[in-house]
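K.L.:
As a plain string of letters, each chain reads:
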Amino acid sequence: MRQALKPWFLVLQRLGIAFLTLIIVSFAVFFATELLPGDVAEVLLGQAATPEAVAALRESMGLDEPALSRFLGWLVGLAGGDLGTSYVNRMSVAELIGGRLGNSLQLAGIVTLVSVPVALTLGIGAAMWRGSRFDRAVSVLTISVISVPEFMVATLAVLIFAVWLDWLPALSFGVNADGFWAMLRAYAMPVITLSFVVSAQMIRMTRAAVIETINTPYVEMALLKGASRSRMVLRHALPNALGPIANAVALSLSYLVGGVIIVETIFNYPGVAKLMVDAVSTRDLPLIQSCAMIFCVSYLSLITLADMVAILSNPRLR
Amino acid sequence: MTTRTSFLSALPTPRKLGYSFNMTGRIGLLVILFWAVVAVIGPMLAPYNPGEIVDWDYFGPMTGDFWLGTDYLGRDILSRILMGARYTVGIALAAVTIACAGGVILGMIAAVTGGWFDMILSRLLDAFNGIPSLLFGLVTVAAVGSSIPVLVLTLAAIYLPGAYRFARALSVNVNTMDFVTVARARGENTPYLIVREIFPNILGPVLADLGVRFVFIVLVLSGLSFLGLGVQPPNADWGALVRENIEGLSFGAPAVLFPSVAIATLTISVNMFIDNLPIKIRDRSE
Amino acid sequence: MTKPRVTVKDLQIGATTDSGRDVEIIKGVSFDIAPGEIIALIGESGSGKTTIALSLMGHTRTGCQIRGGQITLGDHEITGLTERQRAALRGTKVAYVPQSAAAAFNPSKRIMDQVIEITAIHTLMSRDAAEKKAVELFRALALPDPDDIGARYPHQVSGGQLQRLSAAMALIGDPELVIFDEPTTALDVTTQIEVLRAFKSVMQQSGISGVYVSHDLAVVAQVADRILVLKGGEVQEEGTTEQILEAPTHPYTRELLAAFDPVKHEAKPADPSRHDQTPILEVSHLHAGYGDIVKGEPTVKILKDINFKLPRGRNLGVIGESGSGKSTLARAIAGILPPYQGDVLVDGHEMRPGLKARSKEELRRAQIVFQLADTALNPSHSIGAILGRPLGFYHGLKGRAREKRVIELLDMVHLPANIRHRLPGELSGGQKQRVNFARALAAEPELILCDEITSALDTVVAAAIIDLLKELQSELDLSYMFISHDLSTVEAICDEVLVMYKGEVVEALPAAEMSARAEHPYSRLLISSIPQLDTGWLASLERDPKLVEQFAMR
Chain A
11 MRQALKPWFL VLQRLGIAFL TLIIVSFAVF FATELLPGDV AEVLLGQAAT PEAVAALRES
71 MGLDEPALSR FLGWLVGLAG GDLGTSYVNR MSVAELIGGR LGNSLQLAGI VTLVSVPVAL
131 TLGIGAAMWR GSRFDRAVSV LTISVISVPE FMVATLAVLI FAVWLDWLPA LSFGVNADGF
191 WAMLRAYAMP VITLSFVVSA QMIRMTRAAV IETINTPYVE MALLKGASRS RMVLRHALPN
251 ALGPIANAVA LSLSYLVGGV IIVETIFNYP GVAKLMVDAV STRDLPLIQS CAMIFCVSYL
311 SLITLADMVA ILSNPRLR
Chain B
15 MTTRTSFLSA LPTPRKLGYS FNMTGRIGLL VILFWAVVAV IGPMLAPYNP GEIVDWDYFG
75 PMTGDFWLGT DYLGRDILSR ILMGARYTVG IALAAVTIAC AGGVILGMIA AVTGGWFDMI
135 LSRLLDAFNG IPSLLFGLVT VAAVGSSIPV LVLTLAAIYL PGAYRFARAL SVNVNTMDFV
195 TVARARGENT PYLIVREIFP NILGPVLADL GVRFVFIVLV LSGLSFLGLG VQPPNADWGA
255 LVRENIEGLS FGAPAVLFPS VAIATLTISV NMFIDNLPIK IRDRSE
Chain C
2 MTKPRVTVKD LQIGATTDSG RDVEIIKGVS FDIAPGEIIA LIGESGSGKT TIALSLMGHT
62 RTGCQIRGGQ ITLGDHEITG LTERQRAALR GTKVAYVPQS AAAAFNPSKR IMDQVIEITA
122 IHTLMSRDAA EKKAVELFRA LALPDPDDIG ARYPHQVSGG QLQRLSAAMA LIGDPELVIF
182 DEPTTALDVT TQIEVLRAFK SVMQQSGISG VYVSHDLAVV AQVADRILVL KGGEVQEEGT
242 TEQILEAPTH PYTRELLAAF DPVKHEAKPA DPSRHDQTPI LEVSHLHAGY GDIVKGEPTV
302 KILKDINFKL PRGRNLGVIG ESGSGKSTLA RAIAGILPPY QGDVLVDGHE MRPGLKARSK
362 EELRRAQIVF QLADTALNPS HSIGAILGRP LGFYHGLKGR AREKRVIELL DMVHLPANIR
422 HRLPGELSGG QKQRVNFARA LAAEPELILC DEITSALDTV VAAAIIDLLK ELQSELDLSY
482 MFISHDLSTV EAICDEVLVM YKGEVVEALP AAEMSARAEH PYSRLLISSI PQLDTGWLAS
542 LERDPKLVEQ FAMR
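Protein chains in written order, with the working numbering: chain A, 11 to 328; chain B, 15 to 300; chain C, 2 to 555.
Please keep in mind that the hints were generated in silico from the structure rather than gathered at the bench. Fair warning: this is a prediction, and the values are worked out from it, not measured in the lab. By construction, the Cβ of each residue, glycine as well, lies at the ideal position given by its N, Cα and C atoms. One or more of the hints may lead you astray.
What the hints assert, rightly or not - Here are the computed distance ranges between Cβ atoms for each label pair: (1) A/100 <-> B/129: 49 to 57 Å; (2) C/342 <-> A/244: 52 to 60 Å; (3) C/423 <-> B/275: 43 to 51 Å; (4) C/25 <-> A/174: 52 to 60 Å.
The shape of chain A in the complex, shown without the other chains (with noise of 0.2 Å):
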């Protein structure tokens, strides 16, 4: 019925999706930072919260104006780069978070890099070799992972590569890391630890997609043609099962934004998710509110790559 639907039509209709869920995004993020708390001015003050002291603060950081206004005010300041300044330290948001969003940056990129080749192998694999003792223990390893929070993975991986085989340094980031070799020793234990958590999801998803192609009449069809099994699922299925993979790796890597702010945490990583945690036991309000629309607009993008690489994916749109 909906044939009429051209895919260039939908995927614009995705983008207007994701630009209308990040404008109520925001509008959560601010309102639940913001309104919900009571008066930030007390909270700020503390002890020496007299009734002149809060008015004066409130009216030197705006606080008087309507809750609307406010809230145009700061999309229209996040919008222009202008993040507004931090209760607690009085810098700029703009400027805390400039460092430690590289930071963040590289480390999702190597995880990123490691997690993708690994898991598409160890995916496409497992669902070549369906049944088979491979497939069960890949399957068991994915399960229990992505079973268990991922400061245990964290945990374990400390345990064994830090404490039991002591190979890497347990809590990294104190040392200056200088040169590739340390950098990488530097590196390598968040790295594992969300390559982890991200091929988890990546696997089990990579697989389950690769299946559900080697199960269609054209797959046996190619059985019936004489073709092994590698050519059945290399030639046949997988050039099927690319759109729904690809939409697998966009959707586990949306994992990193929930992983990173627990990894980051553990292993004391510079970036922005330690910035937000520290920011929460603070309440500087303006920094959680940047950082959080940071994590929205990353998780977002993903989710809608995911999507759109779905519907440009499907044959029947074509």
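With chain A fixed as given, assemble chains B and C onto it according to the hints.
P.N.:
This is chains B and C only, laid out in the frame that chain A set:
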């Protein structure tokens, strides 16, 4: 024959519910039941008062007196895990019940009525899905402060959109079936369609989905507690126990390990149980 | 006597069900195929015909295993080979033409690459030689544009063409045996003819042996030399095609043949006492469609200006191919798809378009019965609950009275009373369709809209349902609107027939004399395309190519 009939054959029939689990599934069920019992009567089993400092040594090893060692203050870890079960299992169970009940009811209504109600609700909840779950918890707890009702509601709010989406997709499938069309053509009203025609046919997959969501909620709750935003001292769930004792990690203290193991046994066994449910119940679209 | 090309001796195939139970699917089947001979495996669903055909390639579907017996193809004993050795034979010695070519072609690869893939897998010839050979086969199979059709993707050609392309795919490796697995079942009758002709001519020229799997005796009669009648995994009767059609010996074969040619419905002479009565159903200028409503009209228009009257106590057939709008017509009349223009009158009483606008009493008088009892019965309700609901809903029956009436209804459709405690999943296809019909009867309607209610059933079971419908009609004073793509079923129960094409009624004909009275070119084409139980039918059939061009091969 067609996908319609194969979907149909995957629908559960009540008589086939409830038995023919294999070995792995049974082990899973056993562990789940064990933790459920512990959650209820755990404190009675505890050898020591979970808040009492009973050992001079902190991060003590596993001994005959302290089966699972002692924590950073010298408290008995076994007793603290038994106490933590109540928080971890209880909060997760309450949250998953609210999330799934709300999601399923809204999902069925949206699927059957369609139109603008479906449109607006789906868009709104999809937008909600655009927020990473741990981050949502972080921001809410930072704003409102952490207490058990806040945790339950936050976790329920995080997983309600997913439960809604899942139940709606299933209901939309069932809704296109001829038996629903027949009921409509008979002149039945919407509540009848939802309660009698749709609900019995999505119950199996919804129960399986409830289990999967329970695992996610346990993980997010533990994550929040690990960050210090979950259950607050002097009480502690399993995630908070890991946080308290994280200092012991660098010398491999049992105090860090065993709370993690407790979480893992619970979540893995729920997953094991669901993965080995009879296929008829486990028809999942994700 | 020449050595047979294929020998199957005492073949046994078993399967293990999900619950771990062992079932025998094929129970000791033996037969031979001579070089150049086409043998048909005929039987109902579950008779094991496809399982046997696939086993000739050494392949069994998931869960099944060959448990005993011997299959020999030429010099190779297939049952004794390893999977790798079997793979070497597939495509070169034995090839397969699937039921649904649309599903068996990989959507993301060009047709030519898939047709010549066998030559690449088994390194039979160079790519150029293979493509040349493929084009020759396309030509022999009467495909349009044989030189360039290979460059297209599967979704760019029609279903009938894909089916012939899949034959080219099977023949490219010069196999000794080709297996046709219900290759025309998914096609419309007007398309089926061309495909059957193409198959027949290439098989005759090449001298390849064939196995033709089908449930349709009339189709098989056109292509097969010999017929094996199967039921429950056993051979019931084996003989040449003439022998089976003319002088069947096994009672089951006779039953199959009898079901194929049901007793024609005797058109009731118009009852003079009812002459001036209003018709039970009158439809005038009916328009319906799907999609968004723009200026009072839906974007996808299906039904255009439908007019007819159905007098009380008589039956109206609606025939047409897939996409003709015949099921949409039933839905529009029932109010499931509200018509956007035109009137529906039941017993002279005007029905408003949508379901919500109709009263309970209006809904009660006209009931609709759907094709697939599998999806029409709620799998989680007992039969008693399914039949009890309309009784409570329309007639306010409760408790004992309701139960008594459920038992009566079951008795009317010849089902035992204790079946009311079962779930639909525990019933056979025929039993489910009876329950489906009994639910409509529960409302005590005057008009029943039957949407292809026998199409998904095996011939023998379908014939029994038709008999039941006739019996109930005389008892209960019902009128049926009977939608079907199967002319012989319509002939068996209807007084008058509407022929539909692309959402319009092209002609109304008396059921008893359809072929004699048809005037519209499409009705003539459709009626002449129905296969007959006569081995010479396909060869002698002459069709106006212009007509075929115009109406078929869509």
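K.L.:
Are the hints correct? Go through all of them and say.
P.N.:
To see whether the hints hold, each was checked on the structure:
| no. | hint | in the structure |
| --- | --- | --- |
| 1 | A/100 <-> B/129: 49 to 57 Å | holds, 52 Å |
| 2 | C/342 <-> A/244: 52 to 60 Å | holds, 55 Å |
| 3 | C/423 <-> B/275: 43 to 51 Å | holds, 48 Å |
| 4 | C/25 <-> A/174: 52 to 60 Å | holds, 56 Å |
Checked against the numbered hints given earlier, the structure satisfies every one of them.
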